[in-house]
Amino acid sequence: MNTKQHQLVKELFIQAVELEASDRDKFVQERCADAPEIRREVMSLLGHHFQETLLADPPPSETATQRESAARSGPVHQPGTVHQPEADYPAGTVHQPDRGRVSKPVRRAVSHALPSDADPYLVLSDIWEDNRNILRRRLIVIAYVMSGLIILSMFRLLTYRYAAYGYGVRIAGLVVTLGCGLVLQRKRDLSLAQIRFAEWAVLTVVSMLLVVVSTRLLLDASALADAIMIISINNWNCFSWSLVILIYGIFMPNTWPRAAAILLPAVLIPSLVTKFSGWIDPNVSVLLALDDYGQPIPGALLAACIAIYAAHLIHGARLTAFQARQLAQYRITRLIGQGGMGQVFEAEHLLLKRNCAVKLIQPERSDDDRALVRFEREVRSTAKLTHPHTIQVYDFGQTKDGVFFFAMELLPGMNLRQIVELSGPLPPARVVHFLMQVCAALQEAHQAGLIHRDVKPANIFASERGGILDFGKLLDFGVVRQIDLDAAAEAAKLPQTVESALRRPARGIAGTPEYMAPEQIATPDSIDARTDLYSVGTVAYYLLTGQTPLSRETAFETMMAQLNQMPKRPSELRPNIPDDLGRVVMRCLAKNPANRYGSASELQLALRQCECAGKWTQQLASAWWGEYAAPKMPTPQDLENPLIQAVDQQEG
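Counting from 1160, one number per residue, gives the positions in the sequence shown under our numbering.
Worth flagging that the hints you see were computed from the coordinates, not collected in a lab. From the three backbone atoms N, C-alpha and C, an ideal C-beta is built for every residue, glycine too. Careful, some of the hints might be misleading.
Here are the simulated lysine-lysine pairs, BS3-like style, with alpha carbons at most 25 angstroms apart [said to hold, decoys possible]:
| # | residue 1 | residue 2 |
| --- | --- | --- |
| 1 | LYS1169 | LYS1185 |
| 2 | LYS1750 | LYS1727 |
| 3 | LYS1512 | LYS1169 |
Computed Cβ-Cβ distance ranges for the label pairs, DEER-style [as the list claims (entries may be wrong)]:
| # | residue 1 | residue 2 | range |
| --- | --- | --- | --- |
| 4 | ALA1469 | LEU1431 | 22 to 32 angstroms |
| 5 | SER1366 | ASN1394 | 14 to 24 angstroms |
| 6 | LYS1346 | SER1312 | 21 to 31 angstroms |
| 7 | ILE1293 | ALA1448 | 39 to 49 angstroms |
| 8 | GLN1174 | LYS1346 | 43 to 53 angstroms |
| 9 | ASP1684 | ALA1194 | 54 to 64 angstroms |
| 10 | LEU1461 | ALA1420 | 12 to 22 angstroms |
| 11 | ASP1348 | LYS1185 | 39 to 49 angstroms |
| 12 | LYS1512 | ARG1296 | 31 to 41 angstroms |
| 13 | GLY1608 | LYS1750 | 18 to 28 angstroms |
| 14 | ALA1476 | GLN1777 | 42 to 52 angstroms |
| 15 | LYS1434 | SER1312 | 18 to 28 angstroms |
| 16 | PHE1410 | PHE1186 | 50 to 60 angstroms |
Model the full assembly from the supplied sequences, consistent with the hints where possible.
The following block contains the structure:
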């Protein structure tokens, strides 16, 4: 096929996936009646696409409460096969696809409640399950091999005169190693923490066995005053530990820092055994002093260095393989950043050859399955919205090995918090420019019954789309709440303290304290669209002055201030702020929701009437980006700190 034919295949594929299943075959047959080769290619792409895209609609009768309850105790999710992708549409057009819906929350058989310091090597998205299985299988082999060696050593003891020595510790070691091997083999759904505990148990037992046996042998040889025998036993002890260190470093999956933390202390054990035996029987040290050759470089240290370097090479090879792996119809290319409950990767759609950002959930960062519910809610909420100033979702679903993901547009640029940190407070005209875009995005969300609840500078992205600079995008609908707008029209009376609110379950308060509305703290069940408008006011205050209106040392003090204190007028901090814009900001920051603007469109109209509105031009935006930073695809160093880490920092 030539280039034109490939382009035609792509166009037909994009059009076909928008159609209902009953119309899809007919469409392809009609358009490709005279081109059977193109028809076969399009049908092949469609078959692969719907086989790999893992979405399903939940039952109509299933409520959000039932889904959240099911996330804590229900069966494993069975993905479906519905997908509505986005095409690469010309600049200036708005595409409104009939988006699919995420199936009920994903649950896996393994435990999601891992400790915060869980092995970071094994929590890279898309290889959690593979690494868990690799660790389990290799630990089974080690446990059975060690059990066999212990049994063999017990039989060999019968040929020596000290046959009664060491049986107790050998039997204890056999019970632990054989027991761990059987448990690991029979229970395939053990969590990573449980597998790591089994690893610790096997290593501890093997280490104790070597220490006890080596000490016993040294003391026996000392009693016989046999210098050759005691030197041989000491060399055997060093060789045994070198072998254990080498096998562990190469055989078990680890990053080099973790391997070093385990293996370097083990290097000291042979020397400690010798010192301990000499402390019990000084003749041990006297006889070992007769060894004229000694060990210029301890074998255990050399083995540890080799094992650590091998772990580094193997780990790098696995990361390379990970980058080449496919997530459904996406190929992961690099890590962009990591948030509180998910990682974001740059990826390429294998069929459309379009770059996008793929977000993967990290269930081990949650105490329970509520993180899965939140992830599903973010996808559902964002997928409903089609405004150009809202981040667009292309695809979402669950992979065959249980990783929950969604793909969204990849944005060049930086968020507004980074812009302020880079160049200081923004000109009023630029602030109005961004706020009007945010209001437009919020208006669509509010009309759909969605309250963002976490509008802040870090969630507003200044990008470049279709050649337009400073194109704002509203991100992160992870704490969104769906409400009945009529029922929530009147906010409840606010208490004067936050103690009662803080006694509520943690899920009752969501957002960032510096940008939260008073009712969001005191009566989180009574919020409405005006709650987001308060947050927009705090964002405007920060962009104009470079500081949040009511920030305090602790989150509690900040929430108290949000309830009971009024901030200074922005013009008191920066005199160049126009009075009309200052009045708009202060009205947004009214404690009583009734005194704020009634809707995002009303706030947008008030901003449009400000004298500085419309004065931020593309020439000014181009000059700013040219001076500070041309819009580019984000890197780990660009993204929001402290939640973002590069791969090596994350795994170290």
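- Output the numbers, in ascending order, of every earlier hint that fails for this structure. No hint contradicted; all consistent.
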